[in-house]
Structures are given as C-alpha cells and as structure tokens.
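Participant: Chains as they are written, first to last, in our numbering: chain A, 1 to 236; chain B, 1001 to 1096.
Worth flagging that the hints you see were computed from the coordinates, not collected in a lab.
Possibly wrong hints are sitting among the right ones.
[Claimed, not checked] Here chain B is said to cover these stretches of chain A; the calculated rule only asks that three of the stretch's residues, wherever they fall, bring their Cβ under 8 Å from a Cβ of chain B:
hint	segment
1	42-49
2	97-104
[Stated by the list, open to error] Here are the in silico distance ranges between beta carbons for each label pair:
hint	chain 1	residue 1	chain 2	residue 2	range
3	A	K32	B	S1068	19 to 29 Å
4	B	N1020	A	L14	47 to 57 Å
5	B	Q1056	A	K46	20 to 30 Å
6	A	D41	B	K1025	13 to 23 Å
7	B	T1077	A	E129	39 to 49 Å
8	B	F1048	A	K123	15 to 25 Å
Computed from a predicted model, the values in this text were never measured in an experiment.
In this text, a Cβ means the ideal position worked out from N, Cα and C, and glycines have one as well.
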Amino acid sequence: MRQYETTFIVAPVLSDGEIKQAAESYEKLLKKEGCEIVHVDKMGLKQLAYPIKKHNSGVYFSIEYKAENGEVIDKLELAFRRDERILRFLSVKLDKYGIQYNDDKRTGVIGKRKKELAEARAKERAELEASNKAKKAENRKKQAQRNASKQEKPTVEVPAEKAKPTVEVPAEKVKPTVEVPAEKVKPTVEVPAEKVKPTVEVPAEKAAPVETADSNIDIAEEVSLDMDILGDLTDI
Amino acid sequence: MAVQRRTGRPSRDDIKFLSNPNIGKNRKKYCRFRKYGIKHIDYKDPDFLLQFINEQGKLLPRRITGNSLKYQRKIATAVKRARHLAMLPYVADLLK
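Construct all of the structure, not just a fragment, from the sequences and the given hints.
Facilitator: This is how it looks when you write it as structure tokens:
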C-alpha cells in the first residue's frame, strides 16, 4: 500500500453544497477504486496567487488516501481534467516523513494547532505579567505610602549619616597609611584629597564634555546634511 | 540619525550604537532542517516557503539560505508545487 495525497482547487462560483458535492464525488470515486481514505482536509476558500480561469480565489481540498498502485491516480486525474469545476489538482506520493508530518499536523504536534496553543500560552503569560505588574504597582504604592510616612524623619537623618562617614573615611585611611612606609604615605594622603574634590567636580566635568561632544556632532551632521543637499542641488 | 534628531540630542549612550557592533562579524550559516530535524517540507504551507524565495518569488540560492543540498532540493520542489497550486506566485513584485 502506498500513501498518496491529492490537492485540488474547486471554483468558488458554485454554492457551498455544490462544492462539497464535488469534493465528495472524488472521495466516492477513490473508494470505488478500492482506496482507503485516510483524511480529507478542507482547507477552505483561499486567495489565489494568480488568476486561474479568471478566478481570483478557490476552495482548496486535500485528500489523503492509500492505494495499491498508481493506476487510481490516472483515473482520478482524468476525472479532474474532465470536470470544469476543478481549477487545479496535484497528486503527490507521500514518503514516510510526509505521512508522519500529516499525522502530526492532524494530532496537533506541528502546524496551526501548535500555533494556537502557543498563542494561548502567550496570552496566559501576558495575563500573568499583567497581574504581576499590577501586584508590583500595588506593592510600590504601599511602599511609597510607607516611605512617605517614614521619609520625613529619615531624610533628615540620612544626609547627616552620609556626611559624617565621608568625612571620617579619609581620616581612617590616613591613619593606617601612616604606618605604611613613607613612600606610600604621600600618595595615599593625596588620594583622599583627590577623591573628595572630584565628587564635587565630576558632575561638572561630565556635563561639560558631553554637551560639547553632542554639539560638535550635531554641527557635523548638519554640515554633512547641508553638503548632501548642496550635492543634490549641484547634480540637478 | 534623523529619528534621534527629532527626539532630541543624541546622548552618549546613543552614540555608542551609531555603528552596528555586529557588522564585521561573520555568523556561520547552518541548515535549519538538519539542525532541528525537520524531515518533510509541506508544499501547502506558503508562509513557511516564503522564507526561501525573494521579493520577486524566485528561489533563494543555497549560499544565502544556508540549506544543505538535500533540503534545498526539497524546498525547490515544494515551492514549485506551491506555485502550481497558486499558493505562491510564479512572478511577483514586492512579495514581501
């Protein structure tokens, strides 16, 4: 037994009943020839990539069947050719991978069903994330409220705490470094001084060069753009 | 750059990505059918086959898709079958 697959397009001008009838008539023909029909896939109305017999859309059917040999296909295709309702047909012998692929598609391991499942999962995830976000937002609000109540006192204390250690740290560093050989003492003494100053200066340093760099680039861009425009003009 | 200009001045972070850092790298191509164990290519799935044709509906060469010869042949037959069934165009413009 070999497994074949025949896909054909039925003209869309017919009524739904007639289209179904057309498809079923070929099923019957196959059964009459002693074929075992595995599956009939009604793919439905689809837009054609190019017009066939002045039709821009067609109803697709795909019949999968088992037959002893290919003689059935001759008869089937002869019937297709004689039938005006059929726009196109294609018969293919399925290899073992093709059979497995179609089985998987039907059971939903691959293909559309998998996509649907994936979409469902994605939705669930999105919902979860949304709920998580909502929770987080609530937590943040609560925290903000707590902080708001707390902040009034600690905000006054925090700077005082921070201010003190920064003053103390250099003093601490200076003391141990005094014990270290004289060579190292000098640099280490300078380091805190450097560190203290830059903390004040850094913002100023960072702010200034960034702006200059940006402004330079902006100018360069504008110049290049202007040049382009000029070039275009000259070309014309 | 034009986009950045509209939104405002490019900051230092933007400037870092003005040139694509991956531009010089040559990523190794591979055959997706071998890598993911796909054995059968369905001619009734035009959306999948669309990955292997260009804007004009022509088959892309192996040096671009990276397919192994065996699966490139299968792709070719599948695309040709899909064309016969009017799922893919024989000739097209601006397909993608």
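Participant: Now, for every hint given, state plainly whether the structure supports it.
Facilitator: Hints, one by one, checked against the model:
| no. | hint | result |
| --- | --- | --- |
| 1 | 42-49 | holds (count 4) |
| 2 | 97-104 | holds (count 4) |
| 3 | K32/A / S1068/B: 19 to 29 Å | 43 Å, violated |
| 4 | N1020/B / L14/A: 47 to 57 Å | 55 Å, holds |
| 5 | Q1056/B / K46/A: 20 to 30 Å | 22 Å, holds |
| 6 | D41/A / K1025/B: 13 to 23 Å | 44 Å, violated |
| 7 | T1077/B / E129/A: 39 to 49 Å | 43 Å, holds |
| 8 | F1048/B / K123/A: 15 to 25 Å | 23 Å, holds |
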